[in-house]
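Asker: Using the sequences and the hints given, assemble the complete structure.
Read off the chains here:
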Amino acid sequence: MSVKKKDKIDLMIGQLENLLNFENETERIEVKASFIQLDILDEVKKIMKEKNITRTDLAQKLNKSKSFVSQLFSGDKAINLKMVAQFQEIFNAKFIPSFKDYSEYALSKKYSKNDYVNNDDYVKNETPIFRLTDYEESKAA
Amino acid sequence: MQRKSRNIPEAITNLAAVIYHEIKDSIIELRVDEKNAEEILSFLLQKDKNNKHIHIKKFARILREIALGNYDEDLYDREPPKNQNVTAMKFKGKDNIRIVCKEIFCKNKKVVMVALFHKKSSRGKNISKKDLAIYETIGGYEYEC
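Those sequence lines, one after another, are chains A and B. Going by this note's numbering, the letters in the first sequence line up with residues 857 to 997, in that order. Going by this note's numbering, the letters in the second sequence line up with residues 1230 to 1374, in that order.
Incorrect hints may appear among the rest.
Lysine to any residue pairs mimicking SDA-like chemistry, simulated, CA-CA at most 25 Å apart [to be verified]:
1. B:Lys-1281 x A:Lys-922
2. B:Lys-1321 x A:Thr-912
3. A:Lys-902 x B:Ser-1357
4. B:Lys-1323 x A:Lys-902
5. B:Lys-1321 x A:Asn-877
6. A:Lys-888 x B:Lys-1286
7. B:Lys-1276 x A:Asn-874
8. A:Lys-922 x B:Gly-1322
9. A:Lys-901 x B:Lys-1276
Hints in this document: simulated from the structure, not taken from any laboratory.
Answerer: In structure tokens form, the structure reads like this:
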């Protein structure tokens, strides 16, 4: 590979890394908002699996298309509180958000290094930021 | 087939800092295939007519999935054939772009090797012979830790 091409790639890698800093506050907040959405939808996926609800079922119950649901799960469409309320109805479960200190969720603390020694031994050990808990469980708490 | 790669050292840590405000020692590393780097990076850095980066937010969401060890049909998933550790970053939409990756496991790190820019030829969950052939090729790539 020529030096010129290597320099160009280095420059592009640098640009990409800088962009991922999201130094512009508006963009940073937008990205954080989309991550909160994915946190919520991770919980939605879990409860869908537990209750054996397909995406087609979910789309029907939300009165949306399957493509809309797909865009929701990839963060291309934004979730709103009305939808969270609909999730509660669909899953018969209470949505319980809570604030936790960032230090509890630092990536370095979320996994042990052994988790990635090889693919087969990979074990995920994370604490969800948002949980959808059954109503009975929340009442007991 | 032995391939060379370039490290993108700050990608995951920068993003993790955005998510968590703190990152010390990431155990996931992102690298890009040297031969295909220019095409892949050009796509990720693509701008619209208003000079805004088109794909960077989606890329950030994909990196979030990678950082959390998630695999899902929406953003980042394992691809066939099994046991070759081939994955794809998904940029669904009109062009249905995939950035095909290979995960390798080096001592204490999982390395996500960003290997190839690809326009998926099949829609939905179906995989065409052409797509499968590409995934098999990437599965055969060998990278040094």
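Asker: Find the hints from earlier in the document that the structure breaks and name them by number, from lowest to highest.
Answerer: 1, 3, 4, 9
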